[in-house]
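Chemist: Given the structure of chain G, go ahead and fit chain P onto it with the hints provided.
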Amino acid sequence: MRGIVQSIKGLLGGAPRKQSQDEFTEAARELHRFKRQPEERKKRIALIREELELPKLSFTHHGFKWRKWRWASITLINMLFVVSFHYDVQLVEGALTASRFVGFHMADLNSALQITLAHKHVVINLVIGAVTVGILWWLVGGRAFCSWACPYHLLSEWAEMAHLWIVGKGWIKGHPLDRRMRTVLYVVFALLALGTGYTVFESISPVGILSRALVYGVGVAMIWVGVLLFIEIFFVRRFWCRYVCPIGMTYGFLGSVAPLVIEYKLEDCLHEGECRQVCLVPHVLEMTKKSRAEDAVLSIGADCTRCGMCIEACPTGALNFKIRGSGGLL
Amino acid sequence: MAKKLSPKQMRERRVLLMSAFMGAGVVGCGLLAYLPLHQQWESLLRPPGALAEKDLLASCIKCGQCVQVCPVEAIVLSDGEGGLGIGVPYIDARKQACDFSCDATQCVLACPTGALSHHIDKKEQVNMGVARLARPNACLARQGRGFKGKARGADFDGLHRYSEIDRWNPIKISDHPYDLELCDLCVRECPIEDAISLEPLSEDQAADDKSRTPVVHDKCVGCGMCEMICPVESAAIVIDQNREGPKV
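Going line by line, the protein sequences match chains G and P.
Numbering follows our numbering, in which position 129 of the first sequence is assigned residue number 129; successive positions increment by one, without gaps.
Numbering follows our numbering, in which position 175 of the second sequence is assigned residue number 175; successive positions increment by one, without gaps.
Isolated chain G, as found in the complex (with noise of 0.2 Å):
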C-alpha cells in the first residue's frame, strides 16, 4: 500500500525523497552493505568500464527489440482507425477520443471524464466505453496507452532524438520544468471544462487532433502540434508528456494498480544511470540510484509508461516486464 501512495505521489509530481534507514528491508539493506564493500565497489567500476568499451547501442540493434514493437504497435492501432474509414472496413470508427470497436462503444477515459464535467450528465455509452478502455488499458500497465498507441507519442520519441543530438552537439541546453505542473494543468483543465461547460482542453489536446488529422484529413490545428514539437526540439525535454498531458495522468491512475510492471532487481544493477538516461519518466527510476533501494526486488511506479527502454538500455538485465502476482510463473 505505502508503495502504491508513494508511486501516486510520484505520479503527482512530488520530488523523490531520502528514505530513512527503517523504509528499508532487511535484504535490501544487506546488498546495500555488501556493495559498498571496496572490492564490490572496483568489480561495478571494472564491469562499466568493460561495458562502456562496447560500440554504442544503433537502432537496427537487437537491443531495441521493445521500441520496434511499440512503434509498430501505435503505427497498427492508428491505421486501423484510417483503414476502417477510407476502406470502409469499419473495424473500429471513430477516432481515438471515441470509436466504436466492430460495434462497442470505446472511449478514452480522459475524454469521457472532460465530456462528463462540461456536461454535467453521465452518458451511459461513454461510461461503457471508457470501462472497457480502462480495463484494457488496466490490464497492460496504465500508461501503456501512451508509449503503445498515443500517436503523439510517436512524433514527441522523434523530437526527443532529435533534442537529444542538438543538446549532445552542445548548441542547446534542455529545460527541465516542475513536474507539479502537470497536476496543476489537470486541476485547471478539469475546472475549466466544469466552469465553460466547454472541453477546453480537446481543443489544443494534440493527441486528437492527430488521431483526427489521421482519419479526417490534416488541418490548421496540426499547427499547434508543430509548436508543441518545435518546444520539445529546442527547449524541454518531452514538454507535452511530462509536464502537460493529463491523459497520461488519468492513465497513471490506472497504472499504479496494474498488473503489468517493470520490475527492478537491486541485485543485478551497477547504478551507471543508463536507464534513468532514456526514461520518459525518470524520477519513476530513483531506486536504480546507489543506496536507494528500498526492497531486493521493486516494481516501477504508477507514472510509468511500459515502454521498455530502460530494458533495453540495462546493460545488465536488473530491469523486465513482470505481471505481479503470477509468482514469477509470467
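Okay, derived cross-link-like pairs now, EDC-like style, lysine to aspartate or glutamate, Cα gap no bigger than 20 Å in a straight line: (1) G:120 / P:55; (2) P:8 / G:178; (3) P:150 / P:175; (4) G:289 / G:51.
Quick caveat, the hints were computed from the structure, so don't treat them as lab data.
Modeler: Structure of chain P alone, referenced to chain G:
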C-alpha cells in the same frame, strides 16, 4: 533588503517560473481556441439532432463517428474554420447539404454521447435551422425564369439522392441536368414534405404572370438542400442556424 538566494534556490526559482509561464501558455492557447465559440463569432449548421449549441459543445467528444456514417459526407469536423471549435461537426450546406439520403438519422445513431439527440429518429423531427430567402432579387422563380442545365455547374461535387433514378444511392448533382420552365429546384428537391412551396407574389397577380416566390413553412428542418441546389451564385436561399436544439 531581499533575502539572498543560494545558486540552487535561484535555479529552482527559474524552473518554477518557467513552468508557470509554460503552463499558463498552454492554458491560454486552450482558452484562445474557446473564445470564438464563447463569443458566437460564427453561426454554423450543426448535424441533425444536434442539441442546443451550448450543450452540443459540452457533450461532443470530437470522434467524428457522425462523419463516418453520412452517405453524402455532408458532415465535416471543424478545424479552425467554425470559430476554432476544433473537432466539432458542422455542415456546409452550400457545399454538401444533408439530404437525408440515409433515410434519417444515421449520424444521430452513431453519436456516442448523445450530442446529437437520441430522441430523434425521423427526418421531420430534425431542427437544424430554417431556410430564408436571403436574396429575393436573385431568385429565378421570382423573375418568372426557368432553369436549364446543371444546377451547380459541371465541376460541382455535391451529391443528392434522386429517388426516381436510384432509390439507394446518391449521385452527383452535376450528373443530373434539369430543363425547367419555371425554376422550382428548392421546392422540387426538398426532402421534407410541405416545408417549402412556390406561391404567387401577390393575390392579384395576373394569370399570365408565371413568376412565383418560394415560401418556407413551419415544417422546414433546415437541412440545407435548397441552399445547395439553388442555381444562382451565391445562393438566393440560405439556412439560418437554430441554436436551440431539437423541438422534441
